[in-house]
Structures are given as structure tokens and as C-alpha cells.
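Visitor: So you can see what is in the structure, the chains are spelled out below.
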Amino acid sequence: MEDQITRLTSRLVVPFIQVYGIYIILHGHLSPGGGFSGGAIFGASLVLMALAFNLSAGVKQISHQSASLMESGGALGYALVGLIALLWGGNYLANRAASFPLGRAGELFSGGAIPVITVFVGMKVASTMVTLFYNLIEGEAKVGDPEKPGA
Amino acid sequence: MTLQHHFPALIIVIFLICAFIMPLLFRWRSTLCAPALLLVHLLALAMAVALLVRLYAGGPFYYHLGNWAPPWGIELKIDFLRVYMVLILVGLGLWIFVYALKDLAHELKREVTGWYYALYALLIGSMSGMALTNDMFNLFVFMEICGIASCAIISIKESRECLEASFKYLILSAMGTGCYLMAIAMIYMVTGQLNFQLIREALPAAAGLYPNNLLVATALIIVAFGTKAALFPLHVWLPDAHASAPSPSSAVLSGLVIKIYAFSLFNILFFVFPASFRQAVPINEIVLWLATLGILFGSIFAMVQEDLKKMLAYSSIAQIGYVFMGIGLNQPTALLGGFYHILNHALMKGMLFMVAGVIIQATGRRRVKDLNGIGHVLPLVMIAFTVGGFSMIGIPGTGGLISKWYLAEGALLANRLFFVIVIVLSSLLNAVYYLPIIINAFLNPYEGREPVKPVSRLMVGAITAGMIAVIFFGVYPKPVIVFLKAALAAVIGM
Amino acid sequence: MPNQVLMIVILAAVLLLAAARFFPRLQLRTVLTLALLAVIGYFLLITVAEMPLFGKAVNPAHNEISLRYLEQGVAETGVINTVSGIITDYRAFDTLGEATVLFVAIAAVIATLKSH
Amino acid sequence: METLKNLAHNYYYLVAVVLFVIGMHTMLTHSNLIKKVIAMNIMDTSVFLLFVAIGYIRGGQAPIMRDIGDGFYINPLPGALILTGIVVGVSVTAYALSLVVKIYRYYGTVDADEIVEIRSREQ
Numbered sequence: 001m002e003d004q005i006t007r008l009t010s011r012l013v014v015p016f017i018q019v020y021g022i023y024i025i026l027h028g029h030l031s032p033g034g035g036f037s038g039g040a041i042f043g044a045s046l047v048l049m050a051l052a053f054n055l056s057a058g059v060k061q062i063s064h065q066s067a068s069l070m071e072s073g074g075a076l077g078y079a080l081v082g083l084i085a086l087l088w089g090g091n092y093l094a095n096r097a098a099s100f101p102l103g104r105a106g107e108l109f110s111g112g113a114i115p116v117i118t119v120f121v122g123m124k125v126a127s128t129m130v131t132l133f134y135n136l137i138e139g140e141a142k143v144g145d146p147e148k149p150g151a
Numbered sequence: 001m002t003l004q005h006h007f008p009a010l011i012i013v014i015f016l017i018c019a020f021i022m023p024l025l026f027r028w029r030s031t032l033c034a035p036a037l038l039l040v041h042l043l044a045l046a047m048a049v050a051l052l053v054r055l056y057a058g059g060p061f062y063y064h065l066g067n068w069a070p071p072w073g074i075e076l077k078i079d080f081l082r083v084y085m086v087l088i089l090v091g092l093g094l095w096i097f098v099y100a101l102k103d104l105a106h107e108l109k110r111e112v113t114g115w116y117y118a119l120y121a122l123l124i125g126s127m128s129g130m131a132l133t134n135d136m137f138n139l140f141v142f143m144e145i146c147g148i149a150s151c152a153i154i155s156i157k158e159s160r161e162c163l164e165a166s167f168k169y170l171i172l173s174a175m176g177t178g179c180y181l182m183a184i185a186m187i188y189m190v191t192g193q194l195n196f197q198l199i200r201e202a203l204p205a206a207a208g209l210y211p212n213n214l215l216v217a218t219a220l221i222i223v224a225f226g227t228k229a230a231l232f233p234l235h236v237w238l239p240d241a242h243a244s245a246p247s248p249s250s251a252v253l254s255g256l257v258i259k260i261y262a263f264s265l266f267n268i269l270f271f272v273f274p275a276s277f278r279q280a281v282p283i284n285e286i287v288l289w290l291a292t293l294g295i296l297f298g299s300i301f302a303m304v305q306e307d308l309k310k311m312l313a314y315s316s317i318a319q320i321g322y323v324f325m326g327i328g329l330n331q332p333t334a335l336l337g338g339f340y341h342i343l344n345h346a347l348m349k350g351m352l353f354m355v356a357g358v359i360i361q362a363t364g365r366r367r368v369k370d371l372n373g374i375g376h377v378l379p380l381v382m383i384a385f386t387v388g389g390f391s392m393i394g395i396p397g398t399g400g401l402i403s404k405w406y407l408a409e410g411a412l413l414a415n416r417l418f419f420v421i422v423i424v425l426s427s428l429l430n431a432v433y434y435l436p437i438i439i440n441a442f443l444n445p446y447e448g449r450e451p452v453k454p455v456s457r458l459m460v461g462a463i464t465a466g467m468i469a470v471i472f473f474g475v476y477p478k479p480v481i482v483f484l485k486a487a488l489a490a491v492i493g494m
Numbered sequence: 001m002p003n004q005v006l007m008i009v010i011l012a013a014v015l016l017l018a019a020a021r022f023f024p025r026l027q028l029r030t031v032l033t034l035a036l037l038a039v040i041g042y043f044l045l046i047t048v049a050e051m052p053l054f055g056k057a058v059n060p061a062h063n064e065i066s067l068r069y070l071e072q073g074v075a076e077t078g079v080i081n082t083v084s085g086i087i088t089d090y091r092a093f094d095t096l097g098e099a100t101v102l103f104v105a106i107a108a109v110i111a112t113l114k115s116h
Numbered sequence: 001m002e003t004l005k006n007l008a009h010n011y012y013y014l015v016a017v018v019l020f021v022i023g024m025h026t027m028l029t030h031s032n033l034i035k036k037v038i039a040m041n042i043m044d045t046s047v048f049l050l051f052v053a054i055g056y057i058r059g060g061q062a063p064i065m066r067d068i069g070d071g072f073y074i075n076p077l078p079g080a081l082i083l084t085g086i087v088v089g090v091s092v093t094a095y096a097l098s099l100v101v102k103i104y105r106y107y108g109t110v111d112a113d114e115i116v117e118i119r120s121r122e123q
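Residue numbers (my numbering), protein chains in the order written: chain X, 1 to 151; chain D, 1 to 494; chain V, 1 to 116; chain R, 1 to 123.
Hints are computed from structural coordinates only; laboratory data are not their basis.
Among the hints, a few may not be true.
[Unchecked claim] Residues from chain D shown here face chain V by an in silico Cβ test under 7 angstroms; the list is partial:
| no. | residue |
| --- | --- |
| 1 | Gly66 |
| 2 | Asn67 |
| 3 | Ala69 |
| 4 | Gly73 |
| 5 | Val112 |
| 6 | Leu119 |
| 7 | Leu122 |
| 8 | Val141 |
| 9 | Ile148 |
| 10 | Ala149 |
| 11 | Ile156 |
| 12 | Gly192 |
| 13 | Tyr210 |
| 14 | Leu435 |
| 15 | Leu488 |
| 16 | Ile492 |
[What the hints assert, rightly or not] Below, simulated PhoX-like cross-link-like pairs (lysine-lysine); rule was C-alpha separation at most 20 angstroms, straight line:
| no. | chain 1 | residue 1 | chain 2 | residue 2 |
| --- | --- | --- | --- | --- |
| 17 | D | Lys102 | D | Lys369 |
| 18 | R | Lys5 | V | Lys56 |
| 19 | D | Lys109 | V | Lys114 |
Where a beta carbon is used, it is the ideal one built from N, C-alpha and C, also for glycine.
All chains should be modelled from the sequences, with the hints used to inform the complete structure.
Guide: So, in C-alpha cells, the structure goes:
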């Protein structure tokens, strides 16, 4: 796609979308939102890049390798937070019972394990969006025109 | 608090963690993938055994995730039946995985093997979760993981039949989970609870005020789990899916996946709905008749199949009918037979699919007609097939007889002579399609020029182990029977 | 009961008319499916009519569970967004399952696309 | 009359149920695979709508405890559950679409009836 307006607009908008996504992830425990919404917003910004420019520009933003690292890392981090709770004397995925510091409710650094989990989930969702998009697009790109039926 | 206390959660979580690591591990050191998954299986098996030991010492117990007690948090329940299911899942999962190690090289592209292992770990982990969880919504989440993973291990094979079968399976299973979620909504709406036990306590009051809601929820639950477990009129996806999949996937799908849905339905029917509710609404009768139709029609369809794997798939529809029959008869001895059949059928159908895999790999034949004389070139494998076939028919000395025996006894004790006849009739039907294959395989000469390709020893070893297990559980069923009797006594209070 | 019967008849008629309008070549199978769905729809409708009334605070769903989340959630989890507190603390295991669903979707998509 | 009044009062539930039946119908009868996927989404969405409607209390506030006003809060649990449900729906959709892409590559069509036709012609 070669369209100057789309390119310019998306170049302008993408950083703001990304900051907004990160804001939503980090304030997941304070305001509506959280890992899923924030991650989806962040992932959408990368998808927008790929749509407005082309696939390679999007790939430059986030490579396959780092996307898959983030995916595994996000889910793994979540599971490991649960295991840490186990080491600290709670049941699996415990928060207060595992004496994570809860802090003062309403502040950015509060809620013990919750912000950590939210960040991991955000990472996971953002990378999932990107990976799904790229894989489907690449599958499509490889298709070109469909093979003859029955070929 | 010792580590042992956390085993219920850890059994599930180590599979998940293993799956999360798998893609990275495959990129970094692809040879480590298989040992890692084997290790996880062994660890989970050890934990399940430890849980069993603890159950014998202290009786059923609960595990509260995140230290939140039931109405607020999610709870895992550990009792004898659930641990029995976990042992089957992990133990047979390990067995099928050992077979898959060599088989996959022939059926998949090399670069997707890592993903296959990840999906396999997720599948076993989510099934363990389904077996242990005591929370409606948590069950839904695990069902969804299990559903996607079981479709994916079909579509991973490069053939268009697999894609279509997998799509059909995915759509129907999405319909099933949709219905289940709707049922959760309806139950939550009138009881305000999600925990099995607490719903059970709240249901009688709710049933008086909102009878229709619960009726619809019950119907939706039967549709949901019936679709997933291939209860008779909802089985349409099964033959294609199980027949076209790679052989290890067929084994795990036919052997384990449909059983866990049957077990979940059992859990919901017996632990969520109070006995009074089950008497007011003829749920058991419905399940019983559908199971009967499944047993008969599954066998009849299996007879006319030309493809070996398709025949085995149709036979699965008939065999899952026995499990549902045990649930439907609502009688302790019949339930015992149904539960014993879960183990038996998982073993023999897993083994038969492995045999089919070996035959296809060694000779390239998969039509029933082409199997003449194959016993001369693959003797050990065909002996295993014979044992599996005998067990399906219910010939003495094999596990199949024992479970059918208990089912029939249960039907007699419940004064339902008709179902004894169904069981006998279906055994005859089984004989009609298994015996000719066996006879032709050994008595006819082998025709064919092309040489038989060598088969990995590991695969033959896995099949032999399965054969020994089928015979063992047929000759010496006592420990499992005693165990199940005690378990059912504790659960149903018979 | 007559009301309900009338309702179902009207509903079925509307459905059939709509079907006939949009699918000129109406087959027996379609009609049967529509009839089946009309029956299902009918049962769902009488269920809806019986459900606890929408938006009432006395409904069974608003019980001690949600009260505890609302009243003690801040003290017990340390977050003021109660929904966030539920998904990442009280019912965190569900959310782990959910992250796993995302992972399994990725694995399934990549496995399918790579192998074909 | 009581029934109709209740129906009118429970309009959220009513719409959810109608959507559920529409989704189920499309999923089971339409031969276009993409439409099946869309129907799956409609069905899921209807359940989400039902769930969220269960949690609503007339006049209640969103359950965020920043400014304790004079009002009361809605039930937060259904919302939390549906957050999970939505993600599950997205995952299934993504996988189903990837299957459709590949089926299209093999057959050049996404219509189930045509696929059956193509296959029967080959045999």
C-alpha cells in the first residue's frame, strides 16, 4: 500500500497508541483496563504499522524471534509468579497469603503480585496479537492465487 | 507446609510450563525437547502416585488456589476417582508419547515437532486440570485449552483431510463449549455460585423458584459434553477427526480425550445436581438410551468401513457408549464397569491405533481388505492387534470382558435386562468386524511385492507394553476393582 | 400457556416467512432445522420469561460472594479495581488458563500454517 | 400477560437468547466456512451479553473503589469471568481462520458444499 496520508497519520499516531497501551497495562489495577486491553492496544499499534507501511516495516519493529520470546516469556512469567508464591509459603498463585507487599491501595506500586501479573499478561497478549497477525498474513502471502482445485 | 501439599496444582502447572518453554527449547536445543517432556510426564506420574498415597492416609482433600476458599476462589478437589483419572491420563499419556517419539518423524515435518510436543503437553495438562478442578468456570477454561489443542494435533499433519476434519471438530467443539458457557450463565444466574459443592447446596432452593432455567441448563450441559465426548447423535465429527489424524494423535484422542469429557459429565451429574434433581428430571435415562443407540450404531457403522483407522474410530463411538451406559444406569456396579472401561478402552484403543500406525508406516496399507496375510510379515504387531480385538469383543483373559461383566451385572442389579442383551449383542457385532481381520491376517498368504519397511523398536516396544497391560488387567483385575469399589463407595455412598 | 403457544406460532411463522423470502429454493432440511430451532427458541423464551428480573439488586446472583469482593477486595488484594483484583488474585488460576489459551492458539496457528 | 411483561423487562436476556439461537442456526446450517466462524463469534458474544447482564444492578456503579460515592456497585464477578471468555473466543477464532486460509489454499473455495463436490469429482 502506497498512501502518503495513511503513512504520515499512522507514523504520528503509533507512538501515542503505544504509550496509551503501556499506560493501560500499568494502571490495570487502578482504573478500567488491564493486561488484556492494554496488550491488545499495544499489539494493534504494531499491526497498524504493518498495514500502513508493509510487512517488512512491521517485522523491523518486532522480529519473529523476539515475538516468540515475549510470548513464552509472558506466559512463563505468570506461571513463575505463582511458583514464587509457593516458595514464600502461600498456595499456588497466592498474593496476600504469600506476603507479597500489598502497599497502599490506589497507588501505582500496590497490589503485590497483581501489577507484575498484569504486565506479563500484557506482554503475552501484545505478542500474541502480533504473531497471529503476521502468521495469518504470511500464510495468505504464500497463497497468492489458489492452486487449481484438486491439484 | 511441605511441597507435597501443592502437588495437585503442580501436576497441572508443570505441563503448562513445559509447553511454554518448548518453542524456545526447540529453537535452541531441539534434541532436548523430547527428554524434557518425558521428564515432566514422569514427574507428574510421581506426583499423582504421591497424591494417591496421601489419599490412603487422609482421605479426600481440597486445594485452594491463591489461598482463597471456595466461594471466592478456585478449588481443586482430590478424591480417589479424580486421582484415578489423573493416573490414567498421565500414565497413558507417557505411554503414547513414547510411541509418538518415533512415529512423528514419519508423519510430520521436522520443524513442527516442537510445536507438537508443546500441544501434547498442553493437552495432557489441561485434561489433568479438567479431572481435578471443582469449579464450573475453571472447567470451561480447561475445556477450551483441551479443545483447541486436540484440534491442533489433528491439523498439524500435512493433508487436506486433516484440515477439514479438524475444522469440523473445532466448530462442533466450539458449539459445545458455547452451550456449556450458556449453562454456566443460567446456573450462576439462579444460584450465584460457581463451585460444584456450593451449587449443589443452592440448587434445591433455586429449582423451586426457577425450574425452567435449570432444565435448560441441564439440556445444554448434556449437549455440550455429549458433543465433546461423541455421545451418539452428536458424534458426527469423530470418525473423520480420529481417522485422519497422525496415529499418536488418534491414540490420545480416542483413548483419553473423549473419556475426560465423559468423566466431567459424570462429575457434573453426580456432584453438581443433587440426587433429588436427577430423579425429577430423567437425565440418566436420556444418557442411557443415547449410549445404547451409540453402542449399536457405532458397531454397525464400523462394520461397513473400508479404512482401518475409520473402523477403529467408529468403534470408539460404540465403546464410549459403555462408559456412558455406566453413568446412565446410575448403579454402583455399572459405574464400576464404566470406570474400569475407561482404563481398558484407553489401553486397547490406544494400542490398536498404534498398530494401525505401524501397519501404515511399514506397508503403506490402510484398507481393511488389503490386510490379508499381514500377520506373516508383522507377527508381533498383529498379535497385539489380536489381543486388542479380543478385548473389544470381550473374550476371557482380556480387560474388555471384565468391564462388560460388571456393566452387565449392574444392569441386572438395576433390573434392566434389556441392557444386558445390548451388551451381548454389541459383543457379537464387535466380533463380526474384528475377527475377519484377525483371521485374514494370519491364515491368508501375504501378497505384495514391495518390501516391508523396518519399524522402530521403540514403537513395537510400546505396542508390546500395551498388549501386556491389556492382558494383565484382564487376568488380574482385582487391585483396580477393589480400588474403584472403595472409591465409588466413598463418592456415591453405596 | 395460550400466550406462549401464540407466541411460538407467530415466531415460527415469521421465521418461516423470512426463510422463504431469502431462500427461494427452500428445502425440507432447512424447514426441519428451522422448526427445531423454533422449538429450542421457544423453550429459551419461556426460560427468559421466568428468569430473575434484570437489574434487580435482590437477584440470587448478587449474593455474599460479590459483596465480599466489593467490601473487602481493596483490603485483601490491595487494588482498587475490583475486576482486576478478581481476575489476577481471587481467580488468578482462570487467568493463567486464559494466558494458556492464547498460547495454545498461537501454537495451533503456527503448527497449522507451517506444516501445510 | 405476566409472561410477556417479564419478557419485556428481561430484554437483555431476550436479545442474548435470540442471538444464541441465530448463532447456532448459522453455525449448523450455513455451508460457508467463514460464516460458520462468524456464527461461532455471535454465539459466544450472546453468552457474554447474558453474563454481563446478569451482573448488572440498576443504578450501580462500576466496581472501582476510587471515589466512594453515595451509590452502590454492580456485581464484579460476571465481568471478570467474561474477560476470560472473550480471550478464549478470540483464540478459537484465530485458529479457525488459520484453518480456513489453508482449506482455501487446497480447494480454492470456502464453501463446504463445493468442497464436497470437488472431492466427489476426484474419486
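Visitor: Taking the hints in turn, state whether each one holds.
Guide: These are the hints, each one checked on the structure:
Checking Gly66 (chain D) against chain V: minimum C-beta separation of about 5 angstroms stays under 7 angstroms; hint holds. For the restraint placing Asn67 (chain D) at the interface with chain V, the shortest Cβ-Cβ distance is roughly 10 angstroms, beyond the 7 angstroms limit, so the hint is violated. Hint status for Ala69 (chain D) relative to chain V: violated, with the closest Cβ pair at about 10 angstroms, above 7 angstroms. Taking 7 angstroms as the C-beta contact cut-off toward chain V, the hint placing Gly73 (chain D) at the interface holds, the least distance being around 5 angstroms.
The interface hint given for Val112 (chain D) is met, as the beta carbon of that residue sits about 5 angstroms from the closest beta carbon of chain V, less than 7 angstroms. At a threshold of 7 angstroms, the smallest CB-CB gap from Leu119 (chain D) to chain V is about 5 angstroms, leaving the interface hint in force. Here the hint on Leu122 (chain D) is kept, as its CB sits about 5 angstroms from the closest CB of chain V, short of 7 angstroms. Interface restraint check for Val141 (chain D): the shortest CB-CB distance to chain V comes to about 4 angstroms, inside 7 angstroms, so the restraint holds.
The beta carbon of Ile148 (chain D) comes within 5 angstroms of a beta carbon in chain V, closer than 7 angstroms, and the hint placing it at the interface holds. The interface hint given for Ala149 (chain D) holds, since its Cβ lies 5 angstroms from the closest Cβ of chain V, which is under the 7 angstroms cut-off. Nearest Cβ of chain V to the Cβ of Ile156 (chain D): about 5 angstroms, under the 7 angstroms cut. The hint holds. Hint status for Gly192 (chain D): holds, given a least beta-carbon distance of 4 angstroms to chain V, under 7 angstroms.
With a least beta-carbon distance of about 6 angstroms to chain V, the hint placing Tyr210 (chain D) at the interface is held under the 7 angstroms criterion. For Leu435 (chain D), the interface hint is violated, the least distance from its beta-carbon to any beta-carbon of chain V being 38 angstroms, above 7 angstroms. Look at Leu488 (chain D): its Cβ only gets to about 28 angstroms from chain V, farther than 7 angstroms, so that hint breaks. Evaluation of the Ile492 (chain D) hint against chain V yields a violated restraint, the C-beta minimum of about 28 angstroms exceeding 7 angstroms.
With a C-alpha separation of about 27 angstroms, the suggested pairing of Lys102 (chain D) with Lys369 (chain D) is violated against the 20 angstroms cut-off. Taking the CA atoms of Lys5 (chain R) and Lys56 (chain V), the gap is about 15 angstroms. The hint holds against a cut of 20 angstroms. At roughly 9 angstroms between alpha-carbon atoms, Lys109 (chain D) and Lys114 (chain V) fall within 20 angstroms of each other, so this suggested pair holds.
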